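According to UniProt numbering, the sequence shown is numbered sequentially starting from 1.
What the hints contain is simulated information worked out from the structure, not anything from laboratory work.
No experiment lies behind these values; they were computed from the predicted model shown.
Heads up, some of the hints might be wrong.
Said to hold, decoys possible - Using C-beta positions, here's what the derived DEER-type ranges look like:
#1 Asn186 <-> Gly86: 14 to 24 Å
#2 Leu89 <-> Leu189: 15 to 25 Å
#3 Ile206 <-> Tyr21: 38 to 48 Å
#4 Glu17 <-> Gln69: 17 to 27 Å
#5 Ile206 <-> Glu17: 35 to 45 Å
Unchecked claim - Taking lysine-lysine pairs in the DSS-like style, the calculated list, with each CA pair at most 30 Å apart, reads:
#6 Lys183 <-> Lys158
#7 Lys14 <-> Lys47
#8 Lys155 <-> Lys183
#9 Lys73 <-> Lys155
#10 Lys183 <-> Lys47
#11 Lys183 <-> Lys73
#12 Lys155 <-> Lys47
#13 Lys158 <-> Lys47
#14 Lys14 <-> Lys73
#15 Lys155 <-> Lys14
#16 Lys73 <-> Lys158
#17 Lys73 <-> Lys47
Beta carbons: idealized from backbone N, C-alpha and C, even for Gly.
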Amino acid sequence: MDALDPLLFNIIAKSREVILYDSFGIGHSEGAVPDCRQLLAVIGVSKVDVIGFSMGGGVAQILARDYPQLVHKLVLAGTQSAIGDGVVLPPRDMLESAAGSNDIPPTEQEMHGLIHERQVDGEERKEFLVGQGAGAQLKAIFAFTVDLNNFDRLKDIKAPTLVTNGHTDVMSPTPNSVNPQQKISNAQLIIYPDSGHGHLFQYPEIYAQHLELFLNDL
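Could you build the full structure based on these sequences and the hints that come with them?
Given below as structure tokens:
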């Protein structure tokens, strides 16, 4: 969570409880990738609104699909389905890095350029963690994307869903946001102008407003 711009979540936290976590093996968390269902049980939460950003969107899709009783509403930001009909692949260098054929992790500047696009004064973010953590994250994204089951089972997600992306997302190509919006029965899509993968951090105030409208809509 150190790599995320705090402004958006600070705004959201003014009106509702927010739970943020690092998956094991990502950021400062150690160990294997956890079962989100078990995490929610441990902290005593029986039903949640879930927002998944980037790789977290894959985790959120699986949680909503396999444990529908846990997810009230779902938000997928800068993420996509797995490979399937109409899916646009990211640039080859990203795929090679995710597959492990490139031993050089992304630089701090490259990752900040993809994720953090807000250029205003405010709370400072901690430095991005590179090395094994970055490589593990890219490999997890690749593993989710090539699993055809994840594409085919989008239709099994029943929670009301909001899909968002930036106009020019390179990491999770923007055209791929149409797939979950079309295949999930109760889904809507918002594309933010002049932005990319980190659209939710470039427009934190308006994004938080859109979240409130979506989450409060009965």
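Going through the hints against the structure:
A hinted range of 14 to 24 Å for the beta carbons of Asn186 and Gly86 is consistent with their spacing of about 20 Å. Judged by the Cβ atoms, the range 15 to 25 Å given for Leu89 and Leu189 holds: they are separated by roughly 20 Å. The beta-carbon spacing between Ile206 and Tyr21, approximately 25 Å, falls outside the hinted interval of 38 to 48 Å. Between Glu17 and Gln69 the beta carbons are some 19 Å apart, a value that agrees with the proposed interval 17 to 27 Å.
Here the CB-CB span from Ile206 to Glu17 is close to 22 Å, at odds with the stated 35 to 45 Å. Distance check on the hinted pair: Lys183 and Lys158 sit about 10 Å apart at the alpha-carbon level, within 30 Å; holds. A threshold of 30 Å between alpha carbons decides the hint, and for Lys14 with Lys47 the separation of about 20 Å falls inside it, so the pair holds. For the hint linking Lys155 to Lys183, the alpha-carbon distance of about 5 Å falls within 30 Å, and the restraint holds.
Using a Cα cut-off of 30 Å, the hinted pair Lys73 and Lys155 holds, with the two alpha carbons roughly 15 Å apart. Of the pairs offered as hints, the one joining Lys183 and Lys47 holds, with about 23 Å between alpha carbons and a cut-off of 30 Å not exceeded. As the CA atoms of Lys183 and Lys73 are separated by approximately 16 Å, the hinted pair is consistent with the 30 Å bound. A hinted pair counts as satisfied when its Cα atoms are at most 30 Å apart, and Lys155 with Lys47 qualifies at roughly 21 Å.
About 14 Å separates the Cα atoms of Lys158 and Lys47, which keeps this hinted pair within 30 Å; it holds. In summary, the hint linking Lys14 to Lys73 is supported, as the alpha carbons are separated by about 19 Å, within the 30 Å threshold. Annotation: proposed proximity of Lys155 to Lys14 is violated, straight-line Cα distance about 33 Å (limit 30 Å). Note on Lys73 and Lys158: the hinted pairing holds, with a Cα-Cα distance of about 9 Å set against a maximum of 30 Å.
With a C-alpha separation of about 9 Å, the suggested pair Lys73 and Lys47 falls inside the 30 Å cut-off, and the hint holds.
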